[in-house]
Structure formats: structure tokens, C-alpha cells
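Participant: Okay, here's what each chain looks like letter by letter:
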Amino acid sequence: MSIKDIPQTLTDIETALVLDAPAEVIDGHFERLLGLALSLPHPDAGKVAAALWQVAADVATTPSAQSRFEALSGALRALHRGSPVDVAPLLAAPLSSSPAHSTPGASVTAPPHAEPHAEPQAEPLDALPTFEPGERALIEEFILESTESMDLAEQSMLALESTPGDPELLNATFRAFHSVKGVAGFLRLSQVTRLAHAVETLLDRARRGELAPERSFIDLVLQGIDCVRRLLTWLAPQATGDAPTGPCPETASLAAAAERYAPGQMPAVTPSSSPALSVSQADAVATAPEGQARRPVPTQVKVDTEKLDALVDLVGELLIAQSMVAEDARLAGAATTQATRNLAQLSRIARELQRAAMSMRMVPVSGTFEKMVRVAREAGKHTAKQVTVTTVGGDTELDRTVTELLHDPLVHMVRNAIDHGLESTEQRRAAGKPEAGALTLAARHEGGQIVVEVRDDGRGLDPTKLVARARERGLIGYSDVLTDAQAYQLIFLPGFSTAAQVTDLSGRGVGMDVVRTNVERVRGRIEVESVLGQGTTFRIRLPLTLAIIDGLLLRIGEERYILPTEWAREAIRPKADEVSYVFGVGDMVSVRGELVPLRSLATHLSTGEAGPRPENGIVVLIEGGGRRCGLIVDELLGRQEVVIKGLGDALGQVPGVAGGAILGDGRIGLILDVRALLDRAHRADLHVAA
Amino acid sequence: MHPDHNPNEAIRRGPQRAEGKYLALALGEEEYGIPVLDVREIVGLMPITRVPNARPNVLGVMNLRGKVVPVIDLRARLGAAMLEATRQTCIVVVKPQGGALVGVLVDQVLEVMQPAEADLDRSPEVANPDLGVTALAKTKGKVRVLLDIGAVLAGEV
Numbered sequence: 001m002s003i004k005d006i007p008q009t010l011t012d013i014e015t016a017l018v019l020d021a022p023a024e025v026i027d028g029h030f031e032r033l034l035g036l037a038l039s040l041p042h043p044d045a046g047k048v049a050a051a052l053w054q055v056a057a058d059v060a061t062t063p064s065a066q067s068r069f070e071a072l073s074g075a076l077r078a079l080h081r082g083s084p085v086d087v088a089p090l091l092a093a094p095l096s097s098s099p100a101h102s103t104p105g106a107s108v109t110a111p112p113h114a115e116p117h118a119e120p121q122a123e124p125l126d127a128l129p130t131f132e133p134g135e136r137a138l139i140e141e142f143i144l145e146s147t148e149s150m151d152l153a154e155q156s157m158l159a160l161e162s163t164p165g166d167p168e169l170l171n172a173t174f175r176a177f178h179s180v181k182g183v184a185g186f187l188r189l190s191q192v193t194r195l196a197h198a199v200e201t202l203l204d205r206a207r208r209g210e211l212a213p214e215r216s217f218i219d220l221v222l223q224g225i226d227c228v229r230r231l232l233t234w235l236a237p238q239a240t241g242d243a244p245t246g247p248c249p250e251t252a253s254l255a256a257a258a259e260r261y262a263p264g265q266m267p268a269v270t271p272s273s274s275p276a277l278s279v280s281q282a283d284a285v286a287t288a289p290e291g292q293a294r295r296p297v298p299t300q301v302k303v304d305t306e307k308l309d310a311l312v313d314l315v316g317e318l319l320i321a322q323s324m325v326a327e328d329a330r331l332a333g334a335a336t337t338q339a340t341r342n343l344a345q346l347s348r349i350a351r352e353l354q355r356a357a358m359s360m361r362m363v364p365v366s367g368t369f370e371k372m373v374r375v376a377r378e379a380g381k382h383t384a385k386q387v388t389v390t391t392v393g394g395d396t397e398l399d400r401t402v403t404e405l406l407h408d409p410l411v412h413m414v415r416n417a418i419d420h421g422l423e424s425t426e427q428r429r430a431a432g433k434p435e436a437g438a439l440t441l442a443a444r445h446e447g448g449q450i451v452v453e454v455r456d457d458g459r460g461l462d463p464t465k466l467v468a469r470a471r472e473r474g475l476i477g478y479s480d481v482l483t484d485a486q487a488y489q490l491i492f493l494p495g496f497s498t499a500a501q502v503t504d505l506s507g508r509g510v511g512m513d514v515v516r517t518n519v520e521r522v523r524g525r526i527e528v529e530s531v532l533g534q535g536t537t538f539r540i541r542l543p544l545t546l547a548i549i550d551g552l553l554l555r556i557g558e559e560r561y562i563l564p565t566e567w568a569r570e571a572i573r574p575k576a577d578e579v580s581y582v583f584g585v586g587d588m589v590s591v592r593g594e595l596v597p598l599r600s601l602a603t604h605l606s607t608g609e610a611g612p613r614p615e616n617g618i619v620v621l622i623e624g625g626g627r628r629c630g631l632i633v634d635e636l637l638g639r640q641e642v643v644i645k646g647l648g649d650a651l652g653q654v655p656g657v658a659g660g661a662i663l664g665d666g667r668i669g670l671i672l673d674v675r676a677l678l679d680r681a682h683r684a685d686l687h688v689a690a
Numbered sequence: 001m002h003p004d005h006n007p008n009e010a011i012r013r014g015p016q017r018a019e020g021k022y023l024a025l026a027l028g029e030e031e032y033g034i035p036v037l038d039v040r041e042i043v044g045l046m047p048i049t050r051v052p053n054a055r056p057n058v059l060g061v062m063n064l065r066g067k068v069v070p071v072i073d074l075r076a077r078l079g080a081a082m083l084e085a086t087r088q089t090c091i092v093v094v095k096p097q098g099g100a101l102v103g104v105l106v107d108q109v110l111e112v113m114q115p116a117e118a119d120l121d122r123s124p125e126v127a128n129p130d131l132g133v134t135a136l137a138k139t140k141g142k143v144r145v146l147l148d149i150g151a152v153l154a155g156e157v
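So the protein sequences, as listed, match chains Y and V. Sequential numbering from 1 applies to the first sequence in my numbering. Sequential numbering from 1 applies to the second sequence in my numbering.
Don't read these hints as lab results, they were simulated from the structure. Any given hint could be a false lead.
Reference listing, derived: stretches of chain V covered by chain Y, where coverage requires no fewer than 3 residues with Cβ under 8 Å from a Cβ of chain Y [to be verified]: (1) 30-42; (2) 67-78; (3) 100-110.
Ranges of calculated distance between the beta carbons of each label pair, as one might list FRET restraints [unchecked claim]: (4) Glu30/V with Ala576/Y: 50 to 58 Å; (5) Arg207/Y with Glu30/V: 24 to 32 Å; (6) Val126/V with Thr201/Y: 53 to 61 Å; (7) Ala85/V with Ala335/Y: 53 to 61 Å; (8) Asp408/Y with Ala154/V: 47 to 55 Å; (9) Asp408/Y with Val126/V: 29 to 37 Å; (10) Glu558/Y with Lys142/V: 18 to 26 Å; (11) Gln88/V with Arg341/Y: 44 to 52 Å; (12) Ala76/V with Glu570/Y: 39 to 47 Å.
Owing to the predicted nature of the structure, the values given are computational and were not obtained by experimental measurement. Where is the CB? At the ideal position from N, CA and C, for every residue including glycine.
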């Protein structure tokens with residue numbers, strides 16, 4: 001055991017608390033923590049650990065205990081790093097968990113307007129609620145937005161000095177504080193809420209003409225703006241899950257001053273009249289020598305996603321144009337060494353540019369995973385099952401749109417895994433498994449794709465029961481014989497099962513058809529692997545980007561269409577004796593002994609022409625989600641990367657068409673909606689799956 | 001040449017000067033006017049890709065400098081005769097207020113006009129909001145139908 005283990009142990013404890021681990025597990029962690037803390041050079045480290053252990057029992061139920069827990073664990077981490085921390089005030093706070101008014105964090109539970117005018121010394125130093133990992137994104141957003149609001153308020157107030165009569169400037173400042181107050185209330189940031197409320201009330205009085213916006217008034221509002229900024233700066237580490245550094249900026253005296261403000265009076269708060277405020281102001285000066293309040297998270301810029309999309313779009317076009325130039329045979333013949341080198345340089349820059357543009361849209365998957373840990377925790381509580389959640393590869397980056405669309409399917413899969421995948425505690429014990437079920441969320445890059453997995457060590461899927469269920473539901477015929485892999489695919493069929501019916505079975509078909517549809521919407525694929533009695537893995541494969549696809553260029557009549565390569569398996573020229581007509585299905589082609597339904601793209605796209613007979617054209621076999629189909633086309637023109645574009649807002653969604661792309665000659669080629677094609681063919685496919 | 005006779009020039013000079021001005025165009029044998037405010041630009045006839053399963057008057061989509069823009073043929077809708085494409089045939093790209101970018105195939109763009117209020121007939125017998133007709137303009141012995149292009153297109157795409 002080494003000193004290095006303190007942060008890890010604290011994380012273990014926090015995880016165990018979040019997951020409601022059994023008391024003996026938590027106590028075990030604390031025993032270790034206590035031992036580690038006692039070995040630290042700081043004399044009070046052991047006391048801090050002991051206080052932490054004591055408060056842990058109430059963390060889940062009492063907000064004051066939560067903030068105390070945060071403060072203590074933060075102090076212990078700081079001691080571990082060797083930072084000089086004065087732990088005396090922390091330890092001096094009552095160890096009882098009753099939410100007494102003097103307990104740090106007690107004000108969190110009290111609505112700000114109901115609070116009496118607190119005297120500065122009564123304001124807790126660390127009144128910060130405990131934030132769930134899932135709320136961190138909210139805090140970050142709050143900091144960004146509030147920083148903007150405060151900038152706007154500052155501009156308005158300064159403008160008010162020169163045009164005192166302008167009500168719009170007062171209104172703008174009022175709105176800025178109002179929005180800060182609203183979100184702060186939601187995030188349980190009582191200090192920010194109270195301060196913003198006080199300043200907002202003050203502004204409202206001026207708006208209603210109760211007081212004139214004179215110099216002292218503007219000074220006070222500006223002080224309020226600076227104070228909110230200090231709070232935001234102090235709050236910033238929370239967005240990344242770190243403990244705040246230093247004490248919380250003092251706000252009560254300023255809030256009180258705003259509440260008591262009378263016209264003509266100088267602001268009640270001056271550095272000399274309030275030692276607490278002067279300390280925090282000194283901090284602000286120390287961090288920003290120009291005397292300007294330091295902007296929290298100053299390295300980020302808010303950009304309209306539309307602009308970002310347009311950039312990614314244009315870069316995609318650039319890359320395609322570049323590759324057309326680079327591959328032009330006539331140019332290659334005439335080029336000098338210098339020109340070839342320059343062209344290679346251009347290609348390299350274009351690719352770099354593409355990578356940079358793409359990365360702007362990318363976010364790590366960890367944020368989504370953190371939300372899933374919470375979902376798993378609630379599902380576990382709901383079903384009275386113990387669940388240990390492990391996440392792997394949280395730093396894997398995904399397109400922001402993909403992340404958003406992935407959220408719902410993941411929630412579904414995590415709930416299903418716990419509800420239906422994991423056995424009850426008794427069953428697990430009987431099967432000789434650990435009582436706590438293991439759920440793993442993993443993300444990684446794999447062959448130009450991103451793979452996201454939801455893995456459980458539960459009972460696994462039983463193919464026999466799945467087939468029986470599908471027969472009962474009339475989804476497959478009684479004579480059909482399915483391989484295990486085909487049987488697993490059944491859970492993705494619409495109408496396979498509902499929750500109530502499947503709970504008795506081993507299956508878990510709750511809305512899995514919706515999951516698949518959502519995944520396919522972001523051009524992803526879903527796979528399932530299962531070992532009976534050992535667990536199930538759902539694996540989602542996603543493209544790195546939504547902006548560009550690799551496509552097969554097809555000719556159908558006079559028009560060219562693009563078929564996304566990810567769906568295409570092979571292209572064949574069937575002989576006449578390989579094509580047969582099946583009643584109720586239509587033409588089918590025999591591929592290595594398997595019958596695959598055929599679709600004429602000319603008919604599907606209603607080009608007005610009959611299109612070639614299968615034996616006269618080319619058949620492109622497409623496959624997805626266990627469904628297959630052969631598309632009859634006139635000609636296969638080649639393979640090409642294209643930038644996906646919508647067909648314009650005026651047209652919106654057109655059935656059978658996924659979008660458009662600009663081809664090498666400047667004309668537009670339409671991208672086929674393969675899922676729609678497969679949906680039409682899949683029933684027929686299932687009937688001959690044997 | 002008076003600058004107003006060059007339609008793209010008038011469009012470029014922006015909305016301040018566009019108020020009350022109409023782009024006069026020919027659809028079949030008839031002449032129409034659409035507010036210059038709603039017109040983005042005029043481009044020559046270019047390749048149009050047919051879109052399956054779209055509304056009957058949607059000719060398809062064109063590539064407007066990298067943007068995919070639908071192209072509509074209003075002649076059937078307005079009861080105008082279908083003419084063969086000529087050198088005058090062009091596409092008027094419009095973006096009505098609150099609407100999306102749409103290309104309208106026209107047989108000829110005539111001029112930018114600014115009819116005097118006295119020359120406008122807004123009587124209920126001619127103006128029909130349901131059809132997107134706002135008024136009749138009588139200038140130089142000709143009658144032109146002024147269209148609310150946003151309302152006309154609303155039912156087409």
C-alpha cells in the first residue's frame with residue numbers, strides 16, 4: 001500500500017456511494033483510506049479521513065452532508081498532493097449531519113428569497129452542492145452563458161452612464177441577471193441565486209422609476225457583475241470534476257448592500273468595510289494584473305453549428321476537388337516534378353484541414369457514458385439488482401450529432417441489460433457468479449469506425465426461446481430454421497415483444513427495433529453477441545463522420561445514383577438460370593445456394609422505364625440488420641467519396657432518397673436510402689431465411 | 001443602359017432600393033412580376049437532377065455553387081403553355097420571407113419594374129391571396145400578374 005492510493009480510494013468510495021454499494025464494501029474502502037491518510041505527513045489528515053467516513057452515511061439523503069463530503073474529500077486530495085490546506089475550519093464544523101443552520105451548505109436547501117439578511121460572517125465558505133458527473137456539462141454551459149450575460153450587463157451599465165434615461169439598457173441588464181438567477185437556481189447554486197436576485201430586484205426598482213440610475217447605483221451593479229464573475233471563476237473547476245481551489249468568494253455583504261440600497265447613498269460595500277470582500281478582490285487582482293475580473297473558461301468560443309457544418313461541408317468539397325485534380329491523368333502526364341510536389345503539399349494541407357474541421361464537431365464519449373452510469377444506477381435501484389458499471393475508452397471522440405442521437409439507444413440498452421440481461425441476486429448466487437452484475441460501456445476506434453459496446457455478464461440470449469417467441473408472433477414461419485446469429489437478429493424486428501411479455505422469457509426485445517432505427521439513422525450498424533449463461537454484448541459501429549460517405553456510383557437509366565458502400569456486399573452478373581420467380585415475393589437470385597429477393601431500382605425510383613432484367617444488368621447485393629436484397633442496376637460506374645447534402649429545406653425528406661451529392665462533373669447525384677429499400681424487401685427475406 | 005434594366009444589378013444593390021420593385025418575367029405567353037425582395041439571383045439553365053417521388057412540379061435539384069437547390073416549374077400551376085427551352089430560359093432563385101431557397105424555371109426574364117400605385121389593380125376581383133396573386137400591374141399597355149411567390153411556392157414543394 002502506498003500513499004499514491006488516496007485519490008484512487010476516494011474515487012472508489014465515491015463510485016461505491018453513487019452505486020449504493022453494500023455497507024461492508026464502503027467501510028472496507030474507508031478503512032483503507034484511514035490507513036493511507038494516517039501515513040500522510042499532515043497531522044490532521046487522519047482526522048479528515050475519519051470525518052469523511054462519519055459523514056458518508058448521510059451523503060445520499062442530506063445536501064449538507066453532500067457538500068461537507070465534497071469539502072472533506074477535496075481537502076484530503078489537496079493534502080495528498082502536499083498542498084498546504086488549513087483543515088481546522090473543516091474539522092471544526094459539527095460532525096453531526098443534522099442540517100443545522102450553521103452547517104456548511106445548509107443555505108442550499110433554503111429558498112433564497114425566504115432567507116433572512118445573512119450577515120457576512122454567517123455565509124458559509126463552501127456552500128456548494130454536490131454535482132453529479134452528468135451535471136458537469138450543465139455547469140460548463142452555465143459558466144459560458146453567464147459570462148456572456150455579465151459581459152452584456154457590463155456594457156449596458158457602462159452605456160447607462162452616458163445615457164442615463166435609456167430603459168432598454170436597464171432591461172438588458174435585468175434580463176442578464178434574471179437568466180443567471182434562473183439557471184443558478186436550477187443548479188442549486190444558492191449564493192449566485194441570492195446575489196443575482198438582489199441585483200435583479202435593485203434593477204427592477206430602477207426600471208419602475210423608484211430610484212434614479214445614478215453613479216452609486218451603477219457602481220453597485222458593476223460590483224455585482226464582478227462578484228458573479230468571481231463566483232463563476234471559482235466554480236469553473238467543478239465543470240471538470242475538480243475540487244474548487246480556495247474559499248468561495250464572499251457574496252452576502254454585496255447581496256445585502258443591494259437589498260438595502262437607497263438612492264444617493266454610496267455603495268455600502270467597500271473593501272475597507274468588509275474584510276472578506278477585500279480578500280476576494282485581492283484574489284481577483286492577483287490573477288488579472290490589469291484589474292479586470294478573469295474570464296472563466298476563456299479558451300472557448302461559441303460558434304453557430306450551422307457555420308461549423310458549412311465549414312465541414314466546404315472542406316469536404318475541397319478534398320473531393322483536390323482528389324479529382326490529383327488523379328487527373330492528363331495533368332499527371334504534363335506535370336513537372338515541382339508541380340507534383342506542390343500538388344502533394346496541397347493534398348496534405350487539405351487533409352489536415354479536414355481533420356481540423358472534423359475535430360471541431362467532435363466531443364468525447366465520456367459525457368454520454370457518465371449519464372449512462374446514472375441510468376444504470378437508477379435501473380439497478382429500480383430492479384433491486386447490484387450493478388458494477390465499468391467504462392472503457394471514455395476519451396474516444398464522436399461527432400456531436402452522433403453523440404446526441406446515440407443517447408436514447410444507449411439508455412434503452414443499459415436499462416434492458418439491467419432489467420432483462422442481469423439475473424436477480426439469488427439467481428446469480430445460484431449460478432456461482434458474483435452477486436453484483438457487471439455492466440461495461442466501452443468505446444474505441446476500429447478500422448476507420450467507432451465502436452461502442454454495452455456488455456453485461458447476465459444470462460445471455462437463448463436462441464430457442466427467441467425463435468419460439470418469433471413463431472408465436474407470426475414473424476417467422478413454423479418450418480423456418482434459424483442460426484443462432486439469425487435468432488439474435490429477431491429482437492430487432494418491430495413487434496417482436498413488449499416488456500411485460502418478455503420479462504418471463506430470456507429475451508430483451510423492448511423497443512430494440514427503435515434502437516436499431518436510431519443507430520441506422522446515424523449510418524451506424526448494431527450487432528449482438530451472446531453466450532448463454534455468460535452474458536450479452538451489443539456492439540454499435542458508427543462512422544467517424546457524418547459529412548462524407550464512401551459510395552458506389554450506379555447508373556439507372558439516364559441518372560446516376562450513389563449507394564453507400566457500407567451497405568454493399570458484392571456485385572454480380574447473374575446468369576438466367578440463377579434467377580427465379582417466387583410467388584408473393586417476385587424475382588429472386590440464387591447466390592451460393594441462398595435465395596435473395598431482387599428489386600429493380602428503376603421501378604423503385606419510378607424513372608418511368610422498366611429497367612433491365614436481372615440477367616441483363618448488374619445486381620448489387622446489399623445487407624443490413626440481417627436483411628438482404630439485390631438491386632438491379634444498369635451499370636456500376638465506380639467508387640467515390642462524396643459529401644452528403646440535404647436536398648434543400650424546401651424539399652425536406654424525399655422517400656427513398658437519403659440526400660444529394662455533387663459529382664465530379666458538377667451535377668448532383670442522389671444518395672439512395674438503403675434502409676428503406678431493405679425494409680421493403682425484408683419480410684420476403686425472412687420467409688426464405690431457411 | 002439604365003441600371004434597373006440589369007436585374008442582377010438591381011438585386012445586388014440590396015433591399016433598400018428593392019421596395020416596390022418587381023422582377024418581370026415570362027412564363028409561357030403570360031407575364032408575371034415577383035417582388036425583387038424575394039429574388040436572390042438569376043442563373044442560366046443548368047443541369048437538373050430528377051428527384052423520384054417528389055411533387056409533380058418539382059423538376060429536380062440543381063447545384064448552385066455547391067448548394068443543392070430544388071427547381072420548380074410553375075408553368076403548369078399557373079396554366080401557362082409549356083415552351084421549349086431557349087437561350088432566354090433561365091432559373092430565378094428566390095427565397096421568400098420565412099421560406100427556403102428555391103429555383104423557379106422561367107421562359108424569360110424581362111426587366112425590373114417599379115409600377116406606380118395608380119397602375120396597380122388590387123381589387124378583390126383580381127387579387128386572390130389563395131392563388132398567390134396580389135395585384136395586376138398595367139404598364140406600357142401590358143398586363144402583368146404580380147405574385148406573392150412565397151404563397152405560390154408553399155403548395156408546390
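Participant: Check the structure against each numbered hint from earlier and tell me which ones fail, lowest number first.
Facilitator: Violated hints: 1, 5, 7, 8, 9, 10; rest satisfied.
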